Structure formats: C-alpha cells, structure tokens
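Using the hints, put the two chains back together into the complex; each one sits in its own frame.
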Amino acid sequence: MKRYKYFLILMAVGTILAACGLDNYDAPDSILSGKVTYKGEPLGLRGTGEAVQLQLYQDGYELRDNIPVYVKQDGNFQARLFDGEYKLVTRNQNGPWVNERDTIVINLRGTTSVEVEVTPYFTISNETISLNGAVMNASFEVNQIVNTAEMDYISLLVSKTSFVDDVSYIARKDFRDLQPDKLSLSMDMSENGDFAAAKYLYARVGVRTKGADQAVYSKIVQLR
Amino acid sequence: MALAIMLFSFSSCSDFLDRDPDTILSEDEVFGDAIMIKSVLSNFYGRITWGQHIDDTYLYTILDEASKSDGGPDNRQEFENDRWRVYDYTLLRNLNQFLKGVRASTVLDDKTRDQLEGEARFIRAWLYFNMVRGMGGMPIVGDEVFDYTPGMDITTMQYPRSTEADLYEYIISECEAIKNILPTEPSVNAARATKWAALMLKARAAVYAGSIANYNNKMSAPIQTPGGEVGIPANLAKGFYETALLAAEEVINSGQYELQLSKPDDRGRNFYEALSVKENNKEVIWARDYKYPGQTNGFTQANIPPSHAEDIDRAYAGPILNLVEDFEYIDDRDGQIRIKDAAGNYVYYNNPEDAFANKDPRLWGSIIYPGADFKGSPVVLQAGQKYWENNEWKTLTSDPGRRDANDILITSVNGPNMTNDQFINKSGFFFRKFLDETPSASTRGRRSEMWFPRFRFAEAVLIAAEASLELGESGKALNYINMVRGRAGIQNLESITFDDIVRERRTEFAFEDHRYWDLKRWRLAHTVWNGIQDDPKAQQWGLFPYLINQPGNENHAKWVFEKVKIHMSPYPRYFQMRNYYNFIDQGWINNNPKLVKNPYQ
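Line order of the protein sequences matches chains A and B.
Position 167, counted from 1, in the first sequence is what my numbering calls 168; the numbers after and before it change by one each time, with no gaps.
Position 271, counted from 1, in the second sequence is what my numbering calls 272; the numbers after and before it change by one each time, with no gaps.
Since the hints were made in silico from the structure, they are not lab data.
Everything numeric in this text was worked out from a predicted model, so none of it was measured.
Virtual Cβ for every residue (Gly too), placed ideally from N, Cα, C.
Fair warning: there could be bad hints in the mix.
Stated by the list, open to error - Below are the PhoX-like pairs computed for lysine-lysine, each with C-alpha atoms no more than 25 Å apart in a straight line:
hint, chain 1, residue 1, chain 2, residue 2
1, A, K211, B, K538
2, B, K598, A, K88
3, A, K211, B, K264
4, B, K264, B, K279
To be verified - Label-pair distances were calculated between CB atoms; the ranges are:
hint, chain 1, residue 1, chain 2, residue 2, range
5, B, P227, A, R65, 16 to 24 Å
6, A, S126, B, N591, 40 to 48 Å
7, A, S185, B, N480, 51 to 59 Å
8, B, N554, A, S191, 27 to 35 Å
9, A, I32, B, G588, 36 to 44 Å
10, B, P227, A, P29, 30 to 38 Å
11, A, S126, B, K219, 28 to 36 Å
Isolated chain B (complex conformation) (with noise of 0.2 Å):
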C-alpha cells in the first residue's frame, strides 16, 4: 500500500523539475547591470547591524544604561559566552563573490567599480572588526571565494585563527588602502561609507586594540593563548595609539563634519538634534539609515511617553538613574542628583525638573526625565503622593492615571510604578536619545525613520584625546577633550586622567553601542560589573518622584524623590573573566579543527 503511494507522488509526466528557476539569477545576469549591482551592495549594507542597536530595545537593558519595564521581570545576572557574537563568514564569502563579479564587470565607469570596490572592502572591514572585538582573532580569507566540489581536499579550506593583533592590523591597513578610493563627500544621510567613514574604523580599530595591549597586560593574569589568538603585546600598544591618533586627526581636520552647534542658546536640544534629527546633519559620518515605506525601525514606538504615545506600544525599556547620575553638573563633577540632605531629609523641589537644574545638557538631550518636555509637553512621571502622617511622610500610590477627590494626580500614566505591569515606566526615566518626533513614528503602521549612527564627528575626537593621553601627550588630550565637553555646554577641564576619557565617553556615547565594548577594551568591565548585590553601579536603580499633597505644609505641592531599586532587575550585573572574550563555538571546529579555543572555554 505504502509502496503504491510512493510510486505515485514521484511519477510525474511534464518536465516540471527540468526548467531553469525564474527566481534566481545567475552571476552573469547581475554583474551585467548597474543596477543589480547596487541592490546587492544594499543587502550587504542591510546584514550588518550588530551589537546595541535601536531596532531591539531590549539590548539596552543588558548593561548598565536602561532597564526593562514591561511584562516579566528581567532576571540578568551573568552575561552569556556568545553575548554579541559575530561570526559571518557567508556574508565574507559573499562579500568575495561581489568583490570579484564587480572587478570583471563591463558595465561599471572605474569610478563607480572604484566606489563599489571600496564599500564592499570597508563593509568586509566592519565585519572583521565585529568578530575581533567579540572574539579575538578569526580566520583572514582575503579575497579567496571559496568553492567546494565534492572530492576535493577540504583541509585547504580550513584557515587557522589569526592573532589579535594581526586581525586588528588587517582591518587598519584595509581601511587605509580604500580610502582614497571611496567619495570624500558625505552620503545622503550618512548611510553609505566615505573615506571618512573607512578612517573613523581605522581609529576605532587602532585604539581599541592599543587599549587592549596596554590594559590586558597590567591585570594580574593577562587574558591570552599562547598562539596570540587572544591578547596583544605590550609593545604593540604605542604604535596602535600612534595609529588612531592620526587617523582620528585627519578626520578632524577633513573640515566635512563638526562637533554640531547649531542651536547655541539651547544645549540639550542642540545634543538631540546632533544625534537624532538627519536634516543638516554636520555631526554624524557613517549610520544605518531607516526610510519609509519598508525600512523602519520600532525604538520610538516601543520606548515612547504614555502620555504621548499614539498606539498600543509605549515604555518598553526605561533608563536608569546610574546612568543618570554620571552625568555632570555644569560645574561640578559629581552628577548625584540631590534628593536626601545631610541630615538624611529631603530635599523639596518646587518642580520635578528643577532636580536636574545645571545638570549636563547632554543628559536633556539623552534622556526624558520628570518634568521635561518632549514633543512641546512635559512628560508627567509621578510615582505618587506624600503625605504627613504620624510625624512621617507616608507614600500613596494608584492605578495609573487615577485621581484623588481633590482631582490630584496620585501615579501618572506614565509612572514609575514597582508592578509587572506593561507599557508603563519602572525606572524613572524615558529615552529620548533616538527617540523620533515626527508624527505617527510610534505607529506600528508607520514605525520610524530613526537613522543609528555608527561613526560620528566627537568619537573622532576623543579617540584622539584617549591616543594622545596614553601617548603622554596630555596637552592635547587636554584641548581634545574640552572640545567635545565645550559643545556639550560644560566647564573645561584643567587637567586630564584615564578616568576623564572613561567617563566622557560613558555619558556622549550612551545607547550608541559604546559602552560595552569601551569596558572589555579597557579591562574594567569586571570591575564596574562586579555582580555584588546592592553595588552602586552593578545593580540597576531608578528614581521614583512624589508629589507632596499635606494642604497646610510649608512643603505642599513640592516634590521630592526616593532613589529605589529597580525591582524589574533584582539581580547586579555579573561580568566574569570568561566573557572578555566569546566563546568559540565547537560546531565551527567540527568544521574546522584548525580553530583553537578562547580562554576559560
């Protein structure tokens, strides 16, 4: 029976297996047009969104910059072995394949091969770079397209690990050889590579591997393999610093991009707008670009207001007040936000916003907090009411929205509250940072035309202040750094440290796909991470604003605020040695036994 069913569903009588396939087209057809050349550039330029991006909210939550607010609880303690892990070699191949197709096409201009060329080589560029940071050394292909006929000795395909050092080298002298093949001019909306964009990846490769030299070796047991798969000579760390400093510089002196500064009265709003408004932009040299219809992303319709969100989503992730809290003061470097006096009361605001009076106006420009406007209205966060009851203040807190007889606000719909509750703030704090004002952009119909920038004008110079530091160039790092806090609307700084660098970077490069690597480079993640309950900067907190409701109290209608753990995050953050380096995954070396391990695996 099974047999007669068989022997009917495989005769056939048409030669419907024979034909030639109408939906894939052969080499041939798509190196002979211009235009099938460019949309396959555009599927490259589509598969290398890596690391923190915009498009999931939730990676901001992992580290120590945001904290989920919606649905269950977030129970991170330890970060995972393939956390971020790059490992794409069909994209390299296919990268090969269109290198190669592009070089023998007849109908490209050498100018457009020339740009073709140096895209896809700055894209390869940008994938190895991916793999380093995450793993150490990976195989070096070169231009090889790889092709295997059955038969054939596979042993020849099989490429060891490069060194650290050697990939590191690679991505650098890759980048130096297209740059003067690629445009100079800026692209429409940065969303194609330049030769600045191919500069910003050599500093940022220089540095990081320079960084990487220097720090591993001064910890206590240096994170290496004995082939150099994983950690950098000592002595290499000069020239890398050496390396990014230059290519850093000539950025700065293209005179195609600034550090933006087109709305000097309004310092925060200016910080936005450098970051997240496309039109005019001088700041921003390489993003990944978003365009409607077809291309948009969901971080404005996950993360937006409840009081301004226009659809179902809204408050997905919240920002948390550690990061808040690094932020400085215009003039004064301890950005703790004053909520307890010395005595151990509070401190009574007038207005939820005055707490954030004199901050650093990068922070209104990174982030939605109580009191501060967004779209032309304040965005009300109010966790509840005080009020004075037995000679102390006693907390009242409601559904979110609801008000008291009095008609006074008790918990705004926006929060911060401590339930599981979705779409309603538990930290404190919105983003605004990549937070898109155009309307309808939280729509899940629309979504939004937010761009992601990769590479942009003040990573240049502070990649120069941090070369010229670690050089002993201090005067420069000096002028360097006060460049990029001058913009920012804060004191200078009279003298310059490592830390300075650490900081500076933590605070103009939050939500930017930073903050993770800057720490691993640097060899400080497990100790900022340091997995101890209640730790200052491994646990997540948030701040939670009152509003005063004792008619009769010198202190009525003020507002004060309780600093609270985050109770959506119970645990701390928990880097441990092992996650310097990802793990190599024992499926590649059952393809590959030339792959050696990373430490700790």
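With the rest of the complex left out, here is chain A (with noise of 0.2 Å):
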C-alpha cells in the first residue's frame, strides 16, 4: 500500500508538472469604453441586476454567442477585450429609447472610445432634486423626443446607497396621468422607517414609457 502511495503522489506530480504551454495566452487588456448618448449626453439608467445590457458580436468564429456588456446606471460601459473587430449592438427591445439596433463596427487597438447613440422615448433636464425634513422635493423638466411615445408614470426613487432605480430604493412613488412638461413633484417619507435610520440618502426621477422594459432616470443627487 505504502508504495502504491508513493506512486501516486509521482504520478500527481507530474501531471501538475507536465502543462503544456500552447494553451495558454495572455488575458485580454485591450479596453473598449463608451457611454450611452443622446445628442452627445449620456442616458441615466438602471445599473443594477444586469438590466441594461449591450451587446458585443465578433466575425469569423463558429459559433455566434454575444458577449454582453452591462451599462452603468451613468450610461457609462467598458469591457475588457482581445485587439479586433467587433460588432456592438443594443440588446432587442431594451432600454428606455427606440429599438433600431444599429449596428456599430469597432476596430479595438488597445484602448477604444465609443458613443452609442440612441434616440430615447424621453429625457429629464434641468433636475434639482432637495429635502426638505422628511419631504424630498423634485423639479425637473421632461422633454418629449418621440412624439408617439406615452409616458406610464413617473417615480421620485430614494435609495440609502448610490444605486437608485426602480428596484433599488428605500421610498418610491408613482405618479401617473401626467403630461411630459416642468414638473414639481414631491415624496413625504416622514412614516418611512429607512429613511430615519439611513445614514445616506441618494434620490433620483425616473420616467416610464408605455411599452418600454427600462425608465430613463436624471441623475443621481445625494441628499444626505
């Protein structure tokens, strides 16, 4: 037995010991960063649970899985690639803005910027977002882009973290049958338990298109 153990413990050593180097290469460090715009701005969005997602395609393989690239709640990505060509698309009907799915060639060398650009159902402009004791007072302007678009509602979002969106969030209210406009809306929170206990407070507006899976969010002001 004793000598069989020896034997083993060779024979272990030696498949460690008797990698072969063809295999193996150097992990990607190429970076394609970007954002995505609308008339040069970047989009507020939800970052959280992989929600808005790009999606990245590469000729000339065999099979055609996408990598997809998940975007920042800032409008901001960035994925860590191999030098090549490669496809960027948005993923289908996702995002708050008109599916075209144009698709977009990059040729990445080292490091590469890109703009997406997309044309959204709305945007939030001119957004100053304050508390005021327990009530958070939001005025911001909701400008049309697509004139057939509906607006489904629009949520005032405060979360105890810098992640602000429609699923995170310690107080939230809806407001609905509102026309795109200057608007002054507010939340009371004075009944919320979170709120008095949260060290920090972030706050955001969202704004929900009818038949659109993401809301187009302002973005992100810290309010305590």
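Following this line, the structure appears as structure tokens:
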C-alpha cells in the first residue's frame, strides 16, 4: 500500500508539472469603453441587475454567442477584450429608447472609446432634487423626444446607497396621468423607518414609457 | 514510466469488451413484448411533470401564493429568463421512437395499439404545450425520428421555429385526432390519458392561444417577433375561443365527470375531497398519480403543521395573506380579513377561526387558517400574547411552545414567528389542498401518495365561461361561472366581467399551476407583480394572531390579528416584459442556427 502511495504522489506531481504551453495565452488587456448618449449627453439608466445590456459580436468564429456589456447607471460601459474587429448593438427591446439596433463596427487596438447614440422616448433635464425635513422635492423638465410615446408614470426614488433605480430604493412614489412638462413633485417620507435610519441618502427621478422595459432616469443627487 | 503504466492498463487478455450489453434492450426486444411496451409508456408519464407541482414545495413560494418558512430568507425579486422553461426534444424523440415501434409491433391487438398511440401522442401534445406556453413557437418535428450517421448533412435535421399560433394549432389538431382512439372510461386514479384529458388539453391550449391573440395586441407595445414565433395575430382570437368553448362543452356534457358535491353540508370539506381524495373522485380528469412504494411525493412531509408532524420535517412554506384575502366572503365580494375597525382599533374575536367565518368555503378546503382543524384537531397558530401597558397593547413572544407562569401559551409550536429558524411557520397559514391526511404520510420513510391533478372538471367549466364571455355570450358565461361558485357555496353573480374570471380562477385553482400561466396569457403579470415595495399584491403579506392576556380587561382571552410583511421574503415580486417569454438558450442556437431569439433577448 505504501509503495502505491508514493507512486500516486509521483503521478500527481508529474501531471501538474506536465502542462502544455500552447493553449495558454495572456488575458485580454485592451479596453473598450463608452457611453450611451442622446445628442452627446449620457442617459441615466438602471445599473443594477444587469438590466441594460449591449451586445458585442465578433465575426469569423463558428458560434455566434454575444459578449454582454453591462451599462452602468450613468450610461457608461466598459469591456476588457482582445484586439480585433467587433460589432456592437443594443439588446433587442432593452432600454428606454427606440429599438433601432444599428450596428457600430469597432476596431479595437489598445483602448477605444465609443458613443452609442440612441433615441430615448423621453429625457429629463434641469433636475433639482432637495430634502426638506422628511419631504423630498424634485423639480425637473420632462422632454418628449418621440412624438408617439406615451408616459406611463414618473417615479421619485430614494435609496440609501448610490444605486438608485426602480428595484434599489427605500422610498418610492409613482405619479401617473402626467404630461411631459416642467414638473414639481414631492414625496413625504416621515412614516418611513428606513428613511430615518439611513446614514446616506441618494435620490433620482425616473420616467417610464408605456411598453418600454426600462425607465430613463435623471442624474443622481445625494440628499444626506 | 508513464508510458509503461498506460500500456499496462490498456492491455487485456479476455474479450471483455466484446460482449453484448446485458442492461440495454434492443428495439426489437422492447416492441416484441406487450408488458415491456407498457413500461416504456409509464416511463414517459414519469417524465412530464413541469411547472409548479407538489413534489417541490418551494415552487409555490415564487409567486404570490405562499412564502418560505424555513432557514434563510427568500431574496427573490425578479424572475429568471428560464423560469419553468421546457425544452425536451430528447423526450420528443423517444416518443416518436415509441410511436414507430408500436405501429410496427406484432404483439398488440388493434384496440391496445390505438390506445398506446393515443397516449403517446397525447403526451407529445402535452410536451409541446409546455414548451409553447414558456417560449412561444418551437420546431414541430411531426413523427420524425432523427438518426445521425457521420458525414450526413445536419442542416436537414435543423428545423426552424414554428409560429406561436401554428404550434397551438398543432396541439389542438393532435388532440382532435386522438380523442376517438383514447378510452372514454376514466382511468384508475386519473393517471392515464383518456378522451376527456385530450379534450381538456385542447380546450386549455385554445383558450391560452385565444387570450394571447386578444390581450397581447391590446398592450401598448405588443410582444412579438417579425416571424410570428412570438405573438398571435388578433384576428385569430375568435377562432381559438370558439374551439376552446366547443372542447370544454364536450367535456361538460360527457356525463363522465362533475363538479363533485358529495358533502353539501360541509362545503369546505367537500372542496378538499374533490381535489385531494382519490377514492370515488368525480372531478379530476388527469393527474400525476403517486403510489407507495417507490412513487411518493414529499409535499405533506414538508408542509405539515408542527403540531401534527410525524417526522423531523414540517412547515417548509406557508400560504400568504394575499391569497387568503382573494377568497371572497359568502355574501361579500371583498375578501379582506377584518382586523381593524374604521378608527384603527383591533377587532376582537372570541376564537381565531371566527375571523374567517363566512369566508368562501374553498378557503377552508385550500388553506389551514388559525384555529382550523386538521385530522380532527385544531391547528393552533399563535404569534404571541398582547398585554395592556401605558395605554397601549404590547406584544410578548417566546420560543415555540413556551407557556407563561399561568400555563397560558405564548408562541405556538406552529408559529408564526419572525425568526430565521426552520420548522416553524412565518406567514400565519398552512397548506391544506394536497396535504395528505393518511397516517404516516408525512414521514420520510413513507411520504405521501397524494396526486397532483392537471385537468379537472371545474377547469372545463371556467374555460367555457371565459371563452363564452370573450365571444360576447355573457349569459352563458354567467351560467358557467355560477356553476362553479354554486358548488363552492358562495353567492351567485348577477353579471359577469373579465375581472370575475381572473378572480375565480385565482381562488378555485390555487396551488394547481395555473396562476403564473394565467397572468402571463392575460398580459396581467407585469401589473400584478409590479416590483413596488409594500405593494398590496407584489409584496408578500402574512397574518399574525395574538391572544389577549390581560385579566380584568373586557377583551381578556380574545384574539386580535396583525398584518405583517413577510420578513422571510423582503422584496416585492417584479415581473418584467422579458419574462413573458423564456429566453432561447444560446447553446440551442449554436446547435441549430435556424432558431431565432425571443424579444428582449
């Protein structure tokens, strides 16, 4: 038995040492970065739960599985890749914009930056969000970009982390039947235990379009 | 050295590798023996339990029917892209092999051969139905059995996806084709397919297709693909509803089944027995049957109240208040439990079960509420005691089963409580539907023979009601829905709306794998499970009963209730647009590039 044991150890050591060099190559170190924009301005999006994605395809391989690129809540994204030619598209019917899915061809050499220009249904501008006691006041302008789009609801959202969206929040109030315009809305959080306990508070406004799978958001404002 | 070992391990001196396998039967051997053929068929019946079912309790906690009661929290908020997705072309190939073998077999008489063919095609239609309701149209391969030989052109085996409408049509036509070769007599424990099961599948497929054609196109952005793999044109709705109505009425007029009413004086018990007792059952048309030994399920073992448990396991999950309140009162359609008066004060009850007096008797038959009987003794659900101090009611809780100095129970062994402990309830309710009353059915050694009905007579009636309502025959629809309400023991409706159908199906078919698919096909899921915290529907709610312990107070020894957010399930359910259709797996597309992706993918 003892003899076998040494034998096995020898075998194991041998196997570990006898790796081959051919199929090992360096990890990718080229960086593709960029942002999702409308007229050059990045869009506020939901950044949690892999909610908004772009898709990278590379031609010349047998299988055409895409590389998902996750967009952050400020509209930025980044992917670490090998050099080469890629095709970048938005994900089908994903995001608060018109589903056009035009291909952007990217020639990646080292570091490349790209802007993905989309046509959102609505945008939010001139937002000021403030806290008065336990009442959040938000005034902002909702701009209709696509004439046929209908607004479903506007949400006021407060979170205790800097991630604020329709899933990550401690307080939320939805307003329906509003028209795109200059708006002033407020939310009373005096009954909300999470609000009183939170050390930090961040807030944001979201506009949901009927039929879209995501809302478009304003910039994030730190309230506390 | 290594070379020597390898050479040694591969050399051998017998013809060990050349023997015929003794554990694999050839097709000739199988299809030359009637008993062998039957055992292949029974293998198929064991492979077709998909969706929500009683062999996995946690499947009930995903929606708004029950919540987890054991161990760690349930952090679910969103739904997976492959939730209840079925893609089983292996089974499909096996079924087609079976069909080919049975048709060529010489050991069967014509009647048996017909029945076997009918059952295999029924199972195949059921498989397609389970695929289409999750993913939309998928490749229809007919009776083809694919065999790959090296060098052949594999693109001939790659079929594109059918349209969603075509796959529903195919299921409907298959059911129509086999209904007259299947037996008309109900099978033992409804375990095998009959003519009536085929008609039920036809009716269900047709009403699903009809409602998708109808409600998908009423959305502000209908979910569809350019090729129709997802989405059914609105002009097909009428035809599908007519098919559904005809098939459902054929079952209703068959005389083989009925809305079981064996105990008209005890409607709650009657409803329980119509669903959960196999003997002399007149209601269930097709079920996944279980039999000891070998084929048993763990639902009773997992969910029996601790006070009635016979083994270690108990209280894995509990139904939630959302569902309890969706059951109406006998004479009041608002099913809310009256726990506070208009001024915000407690409503005091002499007994905990009094809070559920006059509820739809189906509540008793589906859910064990505080103080209700199980196996002849009450199930005590008591979260704690309330006592009066500083002009308000204060709460006292304890370890499960502890009594105070005066020997009055503080917190029941059944719960509910707010801990993360296992084996104690967290919602205030237990399952009754499908909970087996047979002695030792909750032990690990034996488990339960409880069946899981897939089709039953009440569904035929409610499909008929829904289809006739959508076809504009509201008189007929009213008549059908009142049949179901009448058997349940609640007031008749004077008029009927679509919302009445939604509500009736929610309570009649609780825990029967209908809720998810119903809300999907009506395109209501994203409005009910809207992901908003503390939403009355999307959030899971519980009901905690307390005993007043304040001698001298006029309410001493009475009971009060508190509505609580289920702490085990802190997040609201969030059903998003992408959840209406499962994603098509990239691996399948790699194997078959003709498959197109679903929307939002």
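Hints versus structure:
no.: 1; hint: K211/A / K538/B; verdict: 21 Å, holds
no.: 2; hint: K598/B / K88/A; verdict: 18 Å, holds
no.: 3; hint: K211/A / K264/B; verdict: 50 Å, violated
no.: 4; hint: K264/B / K279/B; verdict: 15 Å, holds
no.: 5; hint: P227/B / R65/A: 16 to 24 Å; verdict: 19 Å, holds
no.: 6; hint: S126/A / N591/B: 40 to 48 Å; verdict: 44 Å, holds
no.: 7; hint: S185/A / N480/B: 51 to 59 Å; verdict: 53 Å, holds
no.: 8; hint: N554/B / S191/A: 27 to 35 Å; verdict: 32 Å, holds
no.: 9; hint: I32/A / G588/B: 36 to 44 Å; verdict: 29 Å, violated
no.: 10; hint: P227/B / P29/A: 30 to 38 Å; verdict: 35 Å, holds
no.: 11; hint: S126/A / K219/B: 28 to 36 Å; verdict: 33 Å, holds
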